[in-house]
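Protein chains in written order, with numbering that gives the first Met the number 0: chain W, 0 to 649; chain V, 0 to 199.
No lab work stands behind these hints: they were computed from the structure. Errors might be hidden in some of the hints.
[Stated by the list, open to error] Label pairs and their in silico Cβ distance ranges:
1. Ser571(W) - Lys60(V): 50 to 56 Å
2. Lys60(V) - Trp568(W): 52 to 58 Å
3. Arg113(W) - Glu120(V): 42 to 48 Å
4. Lys71(V) - Lys547(W): 30 to 36 Å
5. Glu516(W) - Lys60(V): 39 to 45 Å
6. His25(V) - Asp53(W): 22 to 28 Å
7. Ala22(V) - Trp568(W): 53 to 59 Å
[What the hints assert, rightly or not] No more than 16 Å apart at the CA atoms, straight line, and that leaves these computed lysine to aspartate or glutamate pairs for EDC-like:
8. Lys77(V) - Asp93(V)
9. Lys13(V) - Glu54(W)
10. Lys503(W) - Glu593(W)
11. Lys96(V) - Glu88(W)
12. Lys501(W) - Glu513(W)
13. Lys17(V) - Asp201(W)
14. Lys96(V) - Glu47(W)
15. Lys441(W) - Glu248(W)
16. Lys196(W) - Glu179(W)
17. Lys503(W) - Asp488(W)
18. Lys55(W) - Glu29(V)
19. Lys54(V) - Glu29(V)
20. Lys196(W) - Asp230(W)
21. Lys119(W) - Glu215(W)
22. Lys77(V) - Glu194(V)
23. Lys503(W) - Asp580(W)
24. Lys13(V) - Glu47(W)
25. Lys13(V) - Asp45(W)
26. Lys507(W) - Glu628(W)
27. Lys233(W) - Asp201(W)
28. Lys119(W) - Asp230(W)
Built from N, CA and C at the ideal position, the CB exists for glycine as well.
Now for the letters of each chain:
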Amino acid sequence: MAYNGSGLPRTPPVTGQYSSSGSSDNSTFIPDLDVHPAFDTSSGWDLEFVPQQDEKYNCSICQCVLREPMQTECGHRFCRACILKWLRESDRRCPVDNQYLDENQLFQDNFAKRETLDLKVRCPNPLNSADKEQRCEQIITLNKLQKHFQDCPYTTVLCPNCSKGIYQCHLSEHLQNDCEQRKIQCSLCHQEVVANKQKEHDENCPESFMQCPNCEQSLIRHKLIQHLNSDCPKAYVKCSFHKHGCEFEGERQKMMEHDETSVVRHVSMMNQTLLRMCAAISFNPITSTTHSPSSLGIPAIENPVVGSGAASFPSYFINGASGSAVPGLTQLLNHLSQLQIQPVTTASLPPISYTSMPIQSVSYAANIGGQETVAAAEGHDRNITGDEQGDLTNSEQRNSSGRTRYEDTKSFTSKPSDANNFEVPIDTRLTSSNDYQFMSIKSQNDFQNESLAKHDHELMILKHQMECQERLIRELKGKVKTLENNVQDFEGRNGNGVYVWKIKNYQKLRREAEKGETTAIHSTSFYSSFYGYKLCIRVNLNGVDAAKGTHLSLFIHFMQGEYDDLLEWPFSGKIVLTVIDQNPICEMRNHLTETLHSKPNLAAFQRPTSFRNHKGFGYMEFLPLNVIEGSSTYIKNDTLIIRANITPNS
Amino acid sequence: MANIAEARIRREFKEVVKSEEVAKCHIKVELVNDNYTELRGEIIGPPDTAYDGGKFILEIKIPDTYPFNPPKVKFATKIWHPNISSVTGAICLDILKDQWAAAMTLRTVLLSLQALLATAEPNDPQDAVVAKQYKENQAIFLQTARHWTNVYAGGPHREQVLEQKVEQVKNMGFEEHRARVALSSANWDPERATESLLNS
Numbered sequence: 000m001a002y003n004g005s006g007l008p009r010t011p012p013v014t015g016q017y018s019s020s021g022s023s024d025n026s027t028f029i030p031d032l033d034v035h036p037a038f039d040t041s042s043g044w045d046l047e048f049v050p051q052q053d054e055k056y057n058c059s060i061c062q063c064v065l066r067e068p069m070q071t072e073c074g075h076r077f078c079r080a081c082i083l084k085w086l087r088e089s090d091r092r093c094p095v096d097n098q099y100l101d102e103n104q105l106f107q108d109n110f111a112k113r114e115t116l117d118l119k120v121r122c123p124n125p126l127n128s129a130d131k132e133q134r135c136e137q138i139i140t141l142n143k144l145q146k147h148f149q150d151c152p153y154t155t156v157l158c159p160n161c162s163k164g165i166y167q168c169h170l171s172e173h174l175q176n177d178c179e180q181r182k183i184q185c186s187l188c189h190q191e192v193v194a195n196k197q198k199e200h201d202e203n204c205p206e207s208f209m210q211c212p213n214c215e216q217s218l219i220r221h222k223l224i225q226h227l228n229s230d231c232p233k234a235y236v237k238c239s240f241h242k243h244g245c246e247f248e249g250e251r252q253k254m255m256e257h258d259e260t261s262v263v264r265h266v267s268m269m270n271q272t273l274l275r276m277c278a279a280i281s282f283n284p285i286t287s288t289t290h291s292p293s294s295l296g297i298p299a300i301e302n303p304v305v306g307s308g309a310a311s312f313p314s315y316f317i318n319g320a321s322g323s324a325v326p327g328l329t330q331l332l333n334h335l336s337q338l339q340i341q342p343v344t345t346a347s348l349p350p351i352s353y354t355s356m357p358i359q360s361v362s363y364a365a366n367i368g369g370q371e372t373v374a375a376a377e378g379h380d381r382n383i384t385g386d387e388q389g390d391l392t393n394s395e396q397r398n399s400s401g402r403t404r405y406e407d408t409k410s411f412t413s414k415p416s417d418a419n420n421f422e423v424p425i426d427t428r429l430t431s432s433n434d435y436q437f438m439s440i441k442s443q444n445d446f447q448n449e450s451l452a453k454h455d456h457e458l459m460i461l462k463h464q465m466e467c468q469e470r471l472i473r474e475l476k477g478k479v480k481t482l483e484n485n486v487q488d489f490e491g492r493n494g495n496g497v498y499v500w501k502i503k504n505y506q507k508l509r510r511e512a513e514k515g516e517t518t519a520i521h522s523t524s525f526y527s528s529f530y531g532y533k534l535c536i537r538v539n540l541n542g543v544d545a546a547k548g549t550h551l552s553l554f555i556h557f558m559q560g561e562y563d564d565l566l567e568w569p570f571s572g573k574i575v576l577t578v579i580d581q582n583p584i585c586e587m588r589n590h591l592t593e594t595l596h597s598k599p600n601l602a603a604f605q606r607p608t609s610f611r612n613h614k615g616f617g618y619m620e621f622l623p624l625n626v627i628e629g630s631s632t633y634i635k636n637d638t639l640i641i642r643a644n645i646t647p648n649s
Numbered sequence: 000m001a002n003i004a005e006a007r008i009r010r011e012f013k014e015v016v017k018s019e020e021v022a023k024c025h026i027k028v029e030l031v032n033d034n035y036t037e038l039r040g041e042i043i044g045p046p047d048t049a050y051d052g053g054k055f056i057l058e059i060k061i062p063d064t065y066p067f068n069p070p071k072v073k074f075a076t077k078i079w080h081p082n083i084s085s086v087t088g089a090i091c092l093d094i095l096k097d098q099w100a101a102a103m104t105l106r107t108v109l110l111s112l113q114a115l116l117a118t119a120e121p122n123d124p125q126d127a128v129v130a131k132q133y134k135e136n137q138a139i140f141l142q143t144a145r146h147w148t149n150v151y152a153g154g155p156h157r158e159q160v161l162e163q164k165v166e167q168v169k170n171m172g173f174e175e176h177r178a179r180v181a182l183s184s185a186n187w188d189p190e191r192a193t194e195s196l197l198n199s
């Protein structure tokens with residue numbers, strides 16, 4: 000920090016061509032701190048002197064204790080700034096005795112200066128506190144005041160993060176607990192969050208609890224979607240058969256009930272789907288059976304009721320997923336509906352009309368006794384005398400023997416006893432055949448359930464794997480970050496004291512600075528040599544304090560480095576700051592360069608006690624903003640380039 | 000440099016309050032607003048003058064450029080004085096104009112005004128009528144000034160003859176202050192006074 004106390008060891012005169020208002024007294028060599036009013040050179044020392052100063056030390060213009068005393072030829076003393084202002088703005092007369100007075104009739108009164116600087120004052124810190132508890136109150140010799148301010152607990156310093164003015168003694172606490180820009184770790188997700196964004200984060204933290212809008216269960220936020228998609232009993236879902244045409248929608252907890260009550264509907268829907276699939280792949284289920292109705296001249300669709308031998312069913316269903324299941328299911332379903340609607344549609348259904356037609360069944364039973372599959376065919380004229388004659392083993396006739404008509408029944412009657420012998424077993428077989436069909440549906444369901452469970456399991460395994468990988472990625476990201484930092488650190492070391500900082504997205508950053516979101520930005524760190532001092536540049540794109548909105552402020556901050564133990568402190572040397580003119584024509588480039596010489600008594604040059612020294616050193620008014628933005632060559636491709644050369648005295 | 004102005008006035012204010020003159024009730028300064036840009040001064044009429052015993056209120060306005068420019072001061076109390084306007088209270092005093100010096104303070108300004116009451120400067124008048132009377136008819140001037148001090152500044156010396164004349168003109172239907180001004184300006188000749196009142 001460098002106050003511009005003109006009564007004290009002077010800070011270096013301002014060298015920057017854009018640095019100040021022109022008067023060498025109002026230099027702008029200002030650190031993080033506001034200019035303390037006590038060091039405002041435009042008038043005398045407006046402080047509480049202990050004991051109260053003798054009136055002879057007062058400047059009769061400002062009525063304060065003389066700062067940089069000047070004496071007139073007529074023997075009156077004034078602060079340098081006061082008397083010069085008076086002579087420039089008013090008549091050339093002594094303010095006390097009205098005698099003619101010219102600037103060259105003034106001389107510096109070093110005697111008075113020494114005497115005034117030896118007076119004792121009460122530390123005026125803090126500036127605006129009515130609180131008696133929070134006062135420094137220390138009594139210091141005036142010429143030690145500046146030094147005292149560096150250590151005074153109630154000196155107001157700017158927080159390096161949020162640029163808020165904070166008492167020095169509160170800074171570390173502020174940085175830790177109050178600063179709006181401090182990073183805090185979310186206790187839930189362990190992510191680092193800027194304090195003033197905490198609320199926002201809390202509202203969105205993936206690990207925070209929130210209530211399911213449906214079932215009011217408390218859940219971790221990032222699990223909510225999963226919960227809604229697969230668990231929430233009250234989530235509104237579509238029936239899992241909706242792709243097959245089921246339009247039922249409702250709470251998930253009602254789905255089980257729906258599934259139970261709609262098995263038949265669902266199976267029927269699935270059948271339709273299968274049929275459509277078959278049609279799409281031009282698959283004819285019936286041609287795949289051993290006895291095709293169409294081969295007997297019966298169109299499969301017009302007369303889909305096909306009596307099948309019991310033994311042929313299992314093969315359709317056991318092969319569940321294979322194509323042969325399709326015709327099997329179709330037959331089965333049609334069969335079922337047939338059973339319900341026309342239990343006695345005789346001619347076409349010899350194997351099913353068993354209850355009402357025992358006799359007919361005889362011949363059929365005889366047939367199927369020999370061979371498994373029998374197809375029915377209407378309009379088949381063939382006489383069944385062959386059956387009558389007991390020619391049951393004749394395989395040619397066997398095919399047609401089942402397709403009996405009513406008039407044929409007479410011939411059966413001639414051998415009632417035979418029929419009676421077979422009646423019971425046929426009944427049993429047919430009934431068990433229906434059971435079998437249900438069994439098959441059931442086994443298919445079971446199969447599907449099993450498959451679903453398997454998929455669920457696989458899904459779980461995959462999820463677990465994904466979590467593992469996410470964790471791995473996070474770890475790797477962390478490692479990459481560390482490596483990046485190392486690389487950056489190395490880059491910073493190899494510049495040999497020269498560091499070029501490209502500030503990309505200038506416009507965006509400038510706007511942020513203007514809005515006060517991010518007023519200060521810091522460069523990455525760099526070293527004065529491989530084992531040298533570690534520093535960084537700070538820039539306030541919209542200026543700071545008095546230069547706010549008018550100038551670019553530029554400072555150097557020392558940082559804790561690895562080799563601080565080897566180095567000499569305070570830093571002594573030269574720092575050259577340059578804003579680069581990026582004009583493509585080299586001759587036209589007009590870089591803006593300022594050279595700073597270290598001041599060993601300033602805190603900015605002491606060995607940093609924190610990660611980055613809070614006190615910086617540089618120019619509050621480095622460059623007027625209108626110069627930067629008025630010229631097209633300082634900002635090019637939205638990038639501002641700042642160079643720093645650090646040359647320690649060896 | 001408004002802050003210099005304010006800081007100085009703050010110090011001066013403290014100084015005046017502690018000063019000997021305040022202790023003796025010769026002068027007084029009060030704040031009108033919190034930012035020290037407006038103050039209210041008070042001076043006691045100097046003894047052995049026509050203003051003896053009167054309390055004169057002053058309006059003081061501090062410019063931003065203070066102390067490099069003088070404060071703006073005028074009388075709020077009506078006063079009969081060659082260098083002070085009997086109408087507006089404006090003061091003609093060199094130190095409040097071109098002879099201002101930054102070393103002057105509120106205290107010295109008030110004391111200078113007090114001195115001005117004691118030693119009028121009729122050759123550099125603010126109020127020509129008063130100055131004329133002062134030069135041509137010193138006795139009437141003193142009576143008038145004393146009367147005004149009694150009426151407006153609470154001075155102890157009553158001028159009963161003048162009071163009667165004011166009453167007389169007032170009874171003719173004129174407002175009291177206007178009547179007093181007219182009479183004072185007409186060297187207390189009621190006829191001339193009423194004439195001027197009727198013509199105005």
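So, going through the hints one by one against the coordinates:
{"no.": "1", "hint": "Ser571(W) - Lys60(V): 50 to 56 Å", "result": "holds, 54 Å"}
{"no.": "2", "hint": "Lys60(V) - Trp568(W): 52 to 58 Å", "result": "holds, 55 Å"}
{"no.": "3", "hint": "Arg113(W) - Glu120(V): 42 to 48 Å", "result": "holds, 45 Å"}
{"no.": "4", "hint": "Lys71(V) - Lys547(W): 30 to 36 Å", "result": "holds, 34 Å"}
{"no.": "5", "hint": "Glu516(W) - Lys60(V): 39 to 45 Å", "result": "holds, 43 Å"}
{"no.": "6", "hint": "His25(V) - Asp53(W): 22 to 28 Å", "result": "holds, 25 Å"}
{"no.": "7", "hint": "Ala22(V) - Trp568(W): 53 to 59 Å", "result": "holds, 58 Å"}
{"no.": "8", "hint": "Lys77(V) - Asp93(V)", "result": "violated, 21 Å"}
{"no.": "9", "hint": "Lys13(V) - Glu54(W)", "result": "holds, 14 Å"}
{"no.": "10", "hint": "Lys503(W) - Glu593(W)", "result": "violated, 22 Å"}
{"no.": "11", "hint": "Lys96(V) - Glu88(W)", "result": "holds, 14 Å"}
{"no.": "12", "hint": "Lys501(W) - Glu513(W)", "result": "violated, 20 Å"}
{"no.": "13", "hint": "Lys17(V) - Asp201(W)", "result": "violated, 60 Å"}
{"no.": "14", "hint": "Lys96(V) - Glu47(W)", "result": "violated, 33 Å"}
{"no.": "15", "hint": "Lys441(W) - Glu248(W)", "result": "violated, 24 Å"}
{"no.": "16", "hint": "Lys196(W) - Glu179(W)", "result": "holds, 8 Å"}
{"no.": "17", "hint": "Lys503(W) - Asp488(W)", "result": "violated, 20 Å"}
{"no.": "18", "hint": "Lys55(W) - Glu29(V)", "result": "violated, 27 Å"}
{"no.": "19", "hint": "Lys54(V) - Glu29(V)", "result": "holds, 14 Å"}
{"no.": "20", "hint": "Lys196(W) - Asp230(W)", "result": "violated, 32 Å"}
{"no.": "21", "hint": "Lys119(W) - Glu215(W)", "result": "violated, 70 Å"}
{"no.": "22", "hint": "Lys77(V) - Glu194(V)", "result": "violated, 23 Å"}
{"no.": "23", "hint": "Lys503(W) - Asp580(W)", "result": "holds, 15 Å"}
{"no.": "24", "hint": "Lys13(V) - Glu47(W)", "result": "holds, 13 Å"}
{"no.": "25", "hint": "Lys13(V) - Asp45(W)", "result": "holds, 14 Å"}
{"no.": "26", "hint": "Lys507(W) - Glu628(W)", "result": "holds, 13 Å"}
{"no.": "27", "hint": "Lys233(W) - Asp201(W)", "result": "violated, 26 Å"}
{"no.": "28", "hint": "Lys119(W) - Asp230(W)", "result": "violated, 77 Å"}
In terms of the numbered hints stated before, the structure departs from hints 8, 10, 12, 13, 14, 15, 17, 18, 20, 21, 22, 27 and 28, listed from lowest to highest.
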